[in-house]
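Asker: Each chain, letter by letter, is given below.
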Amino acid sequence: MNLKHKALAALAALAPTGALAQEAMTLDQKVNEVFATTTGPFVNLIFAPLPGTSFPWIVLWLVVAASIFTLYFGFVQFKFFGHAIRLVKGDYSDPNDAGEVSHFQALATALSGTVGLGNIAGVAVAVGIGGPGATFWMILAGLLGMASKFTECTLGVKYRNEYPDGTVSGGPMYYMSKGFSELGLPGGKILAVMFSIFCILGALGGGNMFQANQAHAQIAGIVGDYPGWITGIIFAAVVFAVIVGGIKSIANVTEKIVPFMGILYVGAALVILLVNFNMIGWAFGQIFAGAFTGLGVAGGFVGALIQGFKRAAFSNEAGVGSAAIAHSAVRTKEPITEGFVSLLEPLIDTVVICTMTALVITISGQLMMDAETGKFILNDAGTAIATVGGTSGVALTSAAFGASISWFPYVLAIAVVLFAFSTMISWSYYGLKAWTYLFGEGKASEMTFKIIFCIFIVIGAAASLGPVIDFSDAAIFAMAVVNIFALYFLMKLVKRELQSYAARLSSGEIKPYKH
Amino acid sequence: MTTKLVVGLDGHASGQRALDHACRLAKLIGECEIVVAYIVEWSPFSFQTAEENAQRHKRREQEIATANERVVEPAVATVAKAGIQVRGVVRHGDVSQALIAVSTDEGAEQIIVARASEGGFAQRLFGSSTSNLVMSSNVPVTVVS
Numbered sequence: 003m004n005l006k007h008k009a010l011a012a013l014a015a016l017a018p019t020g021a022l023a024q025e026a027m028t029l030d031q032k033v034n035e036v037f038a039t040t041t042g043p044f045v046n047l048i049f050a051p052l053p054g055t056s057f058p059w060i061v062l063w064l065v066v067a068a069s070i071f072t073l074y075f076g077f078v079q080f081k082f083f084g085h086a087i088r089l090v091k092g093d094y095s096d097p098n099d100a101g102e103v104s105h106f107q108a109l110a111t112a113l114s115g116t117v118g119l120g121n122i123a124g125v126a127v128a129v130g131i132g133g134p135g136a137t138f139w140m141i142l143a144g145l146l147g148m149a150s151k152f153t154e155c156t157l158g159v160k161y162r163n164e165y166p167d168g169t170v171s172g173g174p175m176y177y178m179s180k181g182f183s184e185l186g187l188p189g190g191k192i193l194a195v196m197f198s199i200f201c202i203l204g205a206l207g208g209g210n211m212f213q214a215n216q217a218h219a220q221i222a223g224i225v226g227d228y229p230g231w232i233t234g235i236i237f238a239a240v241v242f243a244v245i246v247g248g249i250k251s252i253a254n255v256t257e258k259i260v261p262f263m264g265i266l267y268v269g270a271a272l273v274i275l276l277v278n279f280n281m282i283g284w285a286f287g288q289i290f291a292g293a294f295t296g297l298g299v300a301g302g303f304v305g306a307l308i309q310g311f312k313r314a315a316f317s318n319e320a321g322v323g324s325a326a327i328a329h330s331a332v333r334t335k336e337p338i339t340e341g342f343v344s345l346l347e348p349l350i351d352t353v354v355i356c357t358m359t360a361l362v363i364t365i366s367g368q369l370m371m372d373a374e375t376g377k378f379i380l381n382d383a384g385t386a387i388a389t390v391g392g393t394s395g396v397a398l399t400s401a402a403f404g405a406s407i408s409w410f411p412y413v414l415a416i417a418v419v420l421f422a423f424s425t426m427i428s429w430s431y432y433g434l435k436a437w438t439y440l441f442g443e444g445k446a447s448e449m450t451f452k453i454i455f456c457i458f459i460v461i462g463a464a465a466s467l468g469p470v471i472d473f474s475d476a477a478i479f480a481m482a483v484v485n486i487f488a489l490y491f492l493m494k495l496v497k498r499e500l501q502s503y504a505a506r507l508s509s510g511e512i513k514p515y516k517h
Numbered sequence: 067m068t069t070k071l072v073v074g075l076d077g078h079a080s081g082q083r084a085l086d087h088a089c090r091l092a093k094l095i096g097e098c099e100i101v102v103a104y105i106v107e108w109s110p111f112s113f114q115t116a117e118e119n120a121q122r123h124k125r126r127e128q129e130i131a132t133a134n135e136r137v138v139e140p141a142v143a144t145v146a147k148a149g150i151q152v153r154g155v156v157r158h159g160d161v162s163q164a165l166i167a168v169s170t171d172e173g174a175e176q177i178i179v180a181r182a183s184e185g186g187f188a189q190r191l192f193g194s195s196t197s198n199l200v201m202s203s204n205v206p207v208t209v210v211s
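Those sequence lines, one after another, are chains G and A. In terms of the numbering used here, the first sequence has 61 at position 59, counting the first letter as 1, and numbering is strictly consecutive. In terms of the numbering used here, the second sequence has 138 at position 72, counting the first letter as 1, and numbering is strictly consecutive.
Please keep in mind that the hints were generated in silico from the structure rather than gathered at the bench. Idealized CB from N, CA, C, for every residue including glycine. Heads up, some of the hints might be wrong.
[To be verified] To give an idea of the interface, some chain A residues facing chain G are shown, with a C-beta separation under 10 angstroms as derived from the structure:
(1) D86
(2) E97
(3) E99
(4) F111
(5) G159
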């Protein structure tokens, strides 16, 4: 058995119902069991289906919001797309602000928090269950999500706190409390507290445990199976060194490697697509046909739609509010410019990178299909499409890339570990901001959160994928419930900014600087 | 009309030679002002963590204060002692581009820099700030060895 097959076999063994169940209560198992029972009710509430259907209400909530923002702001994601690119290039940046956080840096930082496992593992889950048709809904959700991102990031910059020492804190909790009181509405503070609680849970879930879990799966896939808590402790130690020890060099190295890995990933996907260019048309055919018929996947076209929407939301976090925290550090006199820049995020994350993954998986032939009917063959349980090696999640993506480039699974493994690490660092910051909003800024308070964060890395690496992914999704979507509710009240403030900015842009009052 | 000369310093000892040369020129010219410039190397296209972003404004102020204190102010003091009109400027950015921007803003006649002493692989690959400056400046550049 060569190393690649060993890797895939080990990954398969780590699936929820895998080898762990055979042993008597190991430490990993105990962690897993306690975790699943405590988080169960919360997960069930967030993912409750609409009465009489199998459609989770939360997915509808996100998509409806993104559609409303798209219409309310007159398709801002298309109208101001070119302007967003020019802002990122720095055409409108005041040269006297050189040395401050640029639009590009704010975008890159926010992207490093979102580009990651969602694009690699999440898409594979979506396509594995919902078929290639899920991609269509994913792209649509990504395009609509651009308007949600625009709304929340504009508000994030507008209502951030600037402290006398020059540091800044921003995010939904600040625009909820300040924005609501500006409009004379009650309850802003309550929403801010609720959001902060969910943000802490999201940071510990999707921003931490899911990442640790998948990173462990990757490492175990290469070196062979071993207990998850070992990876957890190593990861926790490194994260601790960065966020508590202030060892910047580790974070700096990752921040430089991660964009490179992202480019390498998209590059490899493009190479595979170019080599198989005669199949691209067929793959898009599958995506469109699957989007409306399901091509035999579980749940039919609704199944494809749910998976696509869900994974897009989890991957680009539009409407969740996390990006508003990341984007609020930018130096600009016009908060709305950061909104324009942020709308590129779902585009890069979902419309470009996720679609690449989906196309590679579709073209690779890993999804088993009945040649006569052109429909997909389901696995024994009937829950997902049968794959060549019985793989799912990261392992499916890995196998799909490996089918064309044999050594790519190794690169992917390194990429996953690094993406996981950078996402953890980003989310530790988001969680910390929510924590300090609740418990006040200060060394002791910050330290408490950072230690809790590191402990959850160990739990995440030890628990099995099922409960972790459920809790991660639920916590992140709970943030979106509160955030979007607040955005509905605050969107008229963004509209005012948009109208004023658009008028000044067309009158020539706002013009590019000569560099 | 006052002639302005921009002197680019990089905090190395070689900067003193550029400054000495500028002082000699200033005396020959007569009515002349020297603008001492220090550029903090910075790119708007680098990658940073969210926490670094949040503290960026504070760090920038610190960088400007440090550059003023360690490089610009001592240089300004020595030039002033020689009885020449002098000012200091600290900017962030790409060294060559920012020096050109300073000279344009000031309406300077000339940019004076010292040749960087360090060589090596990186310089061969990317070119030095000095050669970039010479290639793209729109006023004469004097490179002091």
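Asker: Hints first: check each against the structure and report whether it holds.
Answerer: Going down the list of hints, with the structure as the test:
no.: 1; hint: D86; in the structure: 29 angstroms, violated
no.: 2; hint: E97; in the structure: 28 angstroms, violated
no.: 3; hint: E99; in the structure: 21 angstroms, violated
no.: 4; hint: F111; in the structure: 5 angstroms, holds
no.: 5; hint: G159; in the structure: 5 angstroms, holds
Checked against the numbered hints given earlier, the structure breaks hints 1, 2, 3 and satisfies all the rest.
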